[in-house]
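Colleague: Sequence:
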Amino acid sequence: DLLARRNVLINIPSSSNGEVARQLREIEAIINNRGLGGNSEAAASNSVKFVDRRIPAQKRYQLVKLLNAGYGISRAAKTLNISRSGAIYVRDRAAELGLLRNRQARKRVFLQKEINDFILQTLRVNHSTTKKELRDMLRKQGHNLTLAQVRYRIGALGFTWRKMKKVQVISPQNRQKRLDTRAFWESENYDFRNYLFVDECTVVLGRQQQFCWVRKGEKVPCKGRVTHGSGYHVFAGISWRGATDILVWNSKHRMNSAFYCNHNIKEIVAKARHLFEAGQFQLVQDNHRAHVSNYTKNYLEQAGIDTFVWPPQSPDWNPPEFSWRDLKRYVEEKAPKTMAELLNVIQEFWATKVTPAYCRTIIRNSINNIKKSHDGLNHEKDAPRDTLYQK
Numbered sequence: 071d072l073l074a075r076r077n078v079l080i081n082i083p084s085s086s087n088g089e090v091a092r093q094l095r096e097i098e099a100i101i102n103n104r105g106l107g108g109n110s111e112a113a114a115s116n117s118v119k120f121v122d123r124r125i126p127a128q129k130r131y132q133l134v135k136l137l138n139a140g141y142g143i144s145r146a147a148k149t150l151n152i153s154r155s156g157a158i159y160v161r162d163r164a165a166e167l168g169l170l171r172n173r174q175a176r177k178r179v180f181l182q183k184e185i186n187d188f189i190l191q192t193l194r195v196n197h198s199t200t201k202k203e204l205r206d207m208l209r210k211q212g213h214n215l216t217l218a219q220v221r222y223r224i225g226a227l228g229f230t231w232r233k234m235k236k237v238q239v240i241s242p243q244n245r246q247k248r249l250d251t252r253a254f255w256e257s258e259n260y261d262f263r264n265y266l267f268v269d270e271c272t273v274v275l276g277r278q279q280q281f282c283w284v285r286k287g288e289k290v291p292c293k294g295r296v297t298h299g300s301g302y303h304v305f306a307g308i309s310w311r312g313a314t315d316i317l318v319w320n321s322k323h324r325m326n327s328a329f330y331c332n333h334n335i336k337e338i339v340a341k342a343r344h345l346f347e348a349g350q351f352q353l354v355q356d357n358h359r360a361h362v363s364n365y366t367k368n369y370l371e372q373a374g375i376d377t378f379v380w381p382p383q384s385p386d387w388n389p390p391e392f393s394w395r396d397l398k399r400y401v402e403e404k405a406p407k408t409m410a411e412l413l414n415v416i417q418e419f420w421a422t423k424v425t426p427a428y429c430r431t432i433i434r435n436s437i438n439n440i441k442k443s444h445d446g447l448n449h450e451k452d453a454p455r456d457t458l459y460q461k
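Counted from 1, the sequence shown has number 421 at position 351 by our numbering; the numbering is strictly sequential.
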């Protein structure tokens, strides 16, 4: 018996006899070479420990194939390098249930209906209630839950913590005006080819976000900024076939009705007839005081320019608003330092970025926002879904 012989030689000090060490090496070599019918790989596999407590699904299917091919349970387990007890479990489970796939994880069940109903009602009333506030409320009612338990119940009820969206507040009267306008455009199949959308914005120097390196524990340095810094007012129009020229003037000069008519209308709007068939269009402008004053109305009537009644509190429907956002991002990227550089950046953006294709894109964006506003509210930040397009 080689194993018994090896155990005897191991107990003999090899330093006292070199022959003992030689015989021990020979016996170890013979044992390693024999294994299962002389297969050294199978012998090596016998010495491998079963590190995986779970048997992968692939090996379960392989085990069944080996068993069906006539392998014994021990031989099949050794071939797949899994434990014999695990192989027996897989075989018996397959025979009893006919299943080899993983079991679905058990769902944690909590039965405190009173607690769940309280959490649900509280979050329905105030979506901003935090976990700590909920925990404190529950403790006052005699339910000593941890934060983890509160968090789990909130998640099990289907809630996730998300950043709140900010939109402008729309009064009930203006909501109805938005719905009326939406109904009209829907009846017209949202044909915006004969509209000229105009608007103005203000671009100011030094408004770009700045970053700096700060060591841990040190105060973040502050850089002063004037509340109303130097900049420009920008006025322009957007149509389906392209954009008008832009009118740029210093932001220190306010726009009144006379300025609006003598410059904005005369120099920009009146010269935009080439963008429309037969030069006929409707002017779409917001309800700025300079836009809706009697002075402006008389001027537009004398100039033969028809206007469209715009619903108040509707910047999400106005295509130029999209171009102003892109313009301000463009200015932030270029980071002009002087008024002259700022003017060049504004003119560069309008000349290179605001193409006819770009104008059609932002008009389509406005149409999408109009369609989303099924209840007269601003749903610009909401993802499109069927409920947003209901009639």
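Hint data in this document are derived by calculation from the structure and do not stem from the laboratory. Model, not experiment: these values are computed from the prediction. Be aware that one or more of the hints could be misleading.
[Said to hold, decoys possible] Within a straight-line C-alpha distance of at most 25 Å, the following computed BS3-like cross-link-like pairs (lysine-lysine) qualify:
hint	residue 1	residue 2
1	Lys247	Lys367
2	Lys451	Lys423
3	Lys210	Lys183
4	Lys451	Lys441
5	Lys398	Lys233
6	Lys451	Lys247
7	Lys202	Lys233
8	Lys423	Lys407
9	Lys398	Lys322
10	Lys183	Lys202
11	Lys398	Lys451
12	Lys201	Lys183
13	Lys336	Lys322
14	Lys201	Lys233
15	Lys135	Lys148
16	Lys341	Lys367
17	Lys407	Lys322
18	Lys423	Lys398
19	Lys441	Lys247
20	Lys336	Lys367
21	Lys367	Lys398
22	Lys233	Lys451
23	Lys404	Lys322
24	Lys341	Lys247
Colleague: Between Lys423 and Lys407, does the CA-CA distance stay at or below 25 Å?
Modeller: holds (21 Å)
Colleague: Taking only the CA atoms, is the gap from Lys451 to Lys441 under or equal to 25 Å?
Modeller: holds (13 Å)
Colleague: Do the alpha carbons of Lys398 and Lys322 lie within 25 Å of each other, as the hint requires?
Modeller: holds (19 Å)
Colleague: Between the alpha carbons of Lys407 and Lys322, is the straight-line distance 25 Å or under?
Modeller: holds (18 Å)
Colleague: Does the structure keep Lys201 and Lys233 at a Cα separation of 25 Å or less?
Modeller: holds (15 Å)
Colleague: Can you confirm whether the C-alpha distance between Lys210 and Lys183 stays at or below 25 Å?
Modeller: holds (17 Å)
Colleague: Under the criterion that the straight-line Cα-Cα distance not exceed 25 Å, is the pair Lys247, Lys367 satisfied?
Modeller: holds (21 Å)
Colleague: Does Lys336 pair with Lys322 here, judged by a C-alpha cut-off of 25 Å?
Modeller: holds (21 Å)
Colleague: Does the structure keep Lys423 and Lys398 at a Cα separation of 25 Å or less?
Modeller: holds (13 Å)
Colleague: Holds or violated: Lys341 and Lys367, Cα atoms, limit 25 Å.
Modeller: holds (18 Å)
Colleague: Hey, Lys336 versus Lys367, does the alpha-carbon distance stay inside 25 Å?
Modeller: Holds, at about 14 Å.
Colleague: Is it true that the CA of Lys201 sits at most 25 Å from the CA of Lys183?
Modeller: At roughly 18 Å apart (the allowed maximum being 25 Å), Lys183 and Lys201 satisfy the hint.
In summary, the structure is inconsistent with hints 21 and 24 from the numbered list given earlier, while agreeing with the others.
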